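Chemist: Sequence:
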Amino acid sequence: MKHGSTEDQAKMQLYLGRSYYADGEYDKAMSNYVEALHSAKNNGLFNTSGYICTYIADLYNLNDMPQMAMNQYEDSKVLFEKAGNRKSHIYAIRNIARQWCALDSFDRALCCIKEADSLAQGLSDKRIQSIIENAFGNIYRDLKRYEEAEDYYIKSVSYDSINTTYSYLGLINLYLETGFPQKARMALNKVSSKFPPGEFSIRKAYYRINKAEGNYQSALENLEEYQCAVDSITMAQHASRVLEIEKKYSNFKLREKVNELTIQQQRYIIILCMCVFFLSVIIFMYFLYKQKIKNKLDKQTIELAAKKIELLNSTIELEEKRQQLSQLVDLKDKNEGAINELQEEIDNLTQKYHQLQRVKINSSPIYKKLLELTNHKAPREEGLLTEKLWNSIVEESTDTFPNLKSHVYSLCLELTEQEWKYCCLVMFNFDSNIEADLLGISPNSVSKKRVRLRQRLGLNSLPKTTLYEHLLTNL
Numbered sequence: 001m002k003h004g005s006t007e008d009q010a011k012m013q014l015y016l017g018r019s020y021y022a023d024g025e026y027d028k029a030m031s032n033y034v035e036a037l038h039s040a041k042n043n044g045l046f047n048t049s050g051y052i053c054t055y056i057a058d059l060y061n062l063n064d065m066p067q068m069a070m071n072q073y074e075d076s077k078v079l080f081e082k083a084g085n086r087k088s089h090i091y092a093i094r095n096i097a098r099q100w101c102a103l104d105s106f107d108r109a110l111c112c113i114k115e116a117d118s119l120a121q122g123l124s125d126k127r128i129q130s131i132i133e134n135a136f137g138n139i140y141r142d143l144k145r146y147e148e149a150e151d152y153y154i155k156s157v158s159y160d161s162i163n164t165t166y167s168y169l170g171l172i173n174l175y176l177e178t179g180f181p182q183k184a185r186m187a188l189n190k191v192s193s194k195f196p197p198g199e200f201s202i203r204k205a206y207y208r209i210n211k212a213e214g215n216y217q218s219a220l221e222n223l224e225e226y227q228c229a230v231d232s233i234t235m236a237q238h239a240s241r242v243l244e245i246e247k248k249y250s251n252f253k254l255r256e257k258v259n260e261l262t263i264q265q266q267r268y269i270i271i272l273c274m275c276v277f278f279l280s281v282i283i284f285m286y287f288l289y290k291q292k293i294k295n296k297l298d299k300q301t302i303e304l305a306a307k308k309i310e311l312l313n314s315t316i317e318l319e320e321k322r323q324q325l326s327q328l329v330d331l332k333d334k335n336e337g338a339i340n341e342l343q344e345e346i347d348n349l350t351q352k353y354h355q356l357q358r359v360k361i362n363s364s365p366i367y368k369k370l371l372e373l374t375n376h377k378a379p380r381e382e383g384l385l386t387e388k389l390w391n392s393i394v395e396e397s398t399d400t401f402p403n404l405k406s407h408v409y410s411l412c413l414e415l416t417e418q419e420w421k422y423c424c425l426v427m428f429n430f431d432s433n434i435e436a437d438l439l440g441i442s443p444n445s446v447s448k449k450r451v452r453l454r455q456r457l458g459l460n461s462l463p464k465t466t467l468y469e470h471l472l473t474n475l
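Taken in order, the sequence shown gives residues 1 to 475; the numbers are from UniProt numbering.
Derived by calculation from the structure, the hints in this document are not laboratory data.
Every value quoted in this text rests on a predicted model; they were computed, and no experiment measured them.
There's no promise every hint is true.
Each pair of labels, with its calculated beta carbon distance range [as the list claims (entries may be wrong)]:
| hint | residue 1 | residue 2 | range |
| --- | --- | --- | --- |
| 1 | 386 | 275 | 54 to 60 Å |
| 2 | 121 | 143 | 20 to 26 Å |
| 3 | 177 | 216 | 15 to 21 Å |
| 4 | 68 | 47 | 20 to 26 Å |
| 5 | 213 | 68 | 38 to 44 Å |
| 6 | 418 | 473 | 21 to 27 Å |
| 7 | 213 | 247 | 43 to 49 Å |
| 8 | 418 | 280 | 50 to 56 Å |
| 9 | 473 | 362 | 14 to 20 Å |
| 10 | 84 | 281 | 50 to 56 Å |
| 11 | 154 | 26 | 36 to 42 Å |
Beta carbons are placed, not taken as given, at the ideal position from N, Cα and C, and that holds for glycine.
Required output: the full structure, derived from the provided sequences and hints.
Modeler: Structural data, given as structure tokens:
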């Protein structure tokens with residue numbers, strides 16, 4: 001029993017124990033009672049614990065263990081008191097008094113009933129008061145104090161005129177014990193009209209009265225009727241009790257199943273909520289990442305645009321200085337100092353211009369992409385440059401160096417498309433190892449490739465400068 005509230009689980013154990021009790025399997029019944037009691041006590045279910053103790057006491061009485069039964073009735077008394085169940089508390093005290101009577105300790109039994117009577121006064125419940133008076137009558141009858149017993153039985157009937165059976169039966173027993181069978185018959189006539197003729201306790205009373213009066217034939221017939229009534233009623237009660245307990249047990253099993261399904265449904269809902277939450281977090285992080293990339297690209301675009309504008313301004317300024325220098329050359333003799341000063345400004349501007357071109361190239365996405373590719377080196381024979389990358393290289397080179405194409409083709413009109421692309425790659429100023437990785441060749445092959453291109457461009461006779469330096473200087 002893993003599901004349902006703790007009280008439900010304890011009650012299910014209790015009902016299962018009652019079912020075993022009804023079937024006569026007392027050991028199994030006791031086992032279930034003990035388990036239910038342990039669970040109920042540990043969880044502070046005092047009222048349920050009190051009922052379980054009462055059923056355990058009944059089992060001890062059935063097995064002729066009065067002292068053990070007494071202990072359980074006393075426990076039930078304490079538990080009902082803690083639960084605030086005053087009626088059951090009074091019944092528990094009545095049960096303790098009955099146990100003392102069974103142990104022939106009538107003084108203690110009287111003390112218990114007086115305690116129960118004191119508690120019953122505060123309830124103003126005639127049914128309970130009738131039960132207390134009946135208990136007094138039973139004790140005094142056992143003490144052979146018949147006059148007092150008779151008074152209490154009569155008081156019990158006066159408190160509850162409907163449930164009078166036990167009080168009248170007590171009077172019948174009292175009258176039979178004191179030798180007044182006629183009074184016993186009168187009491188029996190008062191109670192027998194309220195029950196069917198075959199009611200077993202009535203049949204037994206008729207048997208005892210007829211026997212006391214010497215009507216042995218009638219007594220024998222009454223005894224046979226009594227035995228038949230007892231057998232039939234016992235069987236009917238047994239079947240009815242088992243059916244009722246099975247029904248209650250089935251209801252609790254159904255409730256247990258419903259609780260199990262509810263817990264399972266809640267588990268699925270929690271899992272679904274967690275999945276939705278984590279999915280939302282992932283989507284949110286993805287959008288943050290995309291926004292970060294977009295912001296980075298926007299920033300790079302702005303920076304490149306600023307560098308492009310700065311480069312353009314430098315180009316314009318450099319061109320203006322060159323024009324001024326050309327004009328001053330015509331007046332060389334008169335303005336030699338101004339020419340030197342202007343030439344120095346042109347050299348500085350040219351150097352600044354080349355630096356800006358270098359910065360623009362190094363900041364470009366294609367430059368960073370090529371460096372990233374070389375960090376994950378592929379086999380040399382495969383190469384890393386696709387047609388798309390070549391196009392990006394050409395586009396970035398011609399954008400940064402606007403005069404590159406015209407200058408290269410002025411040196412060699414028969415330059416091939418692949419040689420032109422390689423000229424663009426040269427303007428990125430990579431070392432031979434990086435170029436080797438990009439082209440999928442060895443560094444020696446890169447050196448040979450540069451030499452052949454210099455030959456094609458007719459640059460072998462020029463001072464020992466690199467191809468990149470020559471192209472940069474003449475743009």
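Chemist: Decide, hint by hint, whether the structure agrees.
Modeler: Against the structure, the hints:
Checking the proposed 54 to 60 Å range against residue 386 and residue 275 shows it is violated: the Cβ atoms sit about 40 Å from each other. Distance hint for residue 121 and residue 143: a CB-CB separation of about 23 Å, consistent with the stated range 20 to 26 Å. The hint said 15 to 21 Å for the Cβ distance between residue 177 and residue 216, and at roughly 20 Å that hint holds. Hint check: residue 68 to residue 47, Cβ distance near 22 Å, so the stated range 20 to 26 Å holds.
Between residue 213 and residue 68 the C-beta distance comes to about 42 Å, which sits within the given range of 38 to 44 Å. Here the CB-CB span from residue 418 to residue 473 is close to 24 Å, well matched to the stated 21 to 27 Å. In this structure the supplied range 43 to 49 Å holds for residue 213 paired with residue 247, their Cβ-Cβ distance being about 46 Å. Between residue 418 and residue 280 the C-beta distance comes to about 52 Å, which sits within the given range of 50 to 56 Å.
Judged by the Cβ atoms, the range 14 to 20 Å given for residue 473 and residue 362 holds: they are separated by roughly 19 Å. Against the hinted window of 50 to 56 Å, the Cβ-Cβ separation of residue 84 and residue 281 comes to about 51 Å, which satisfies the hint. Checked against the hint of 36 to 42 Å, the pair residue 154 and residue 26 passes, with Cβ atoms roughly 39 Å apart.
Comparing the model with each numbered hint stated earlier shows that hint 1 is the single one that does not hold.
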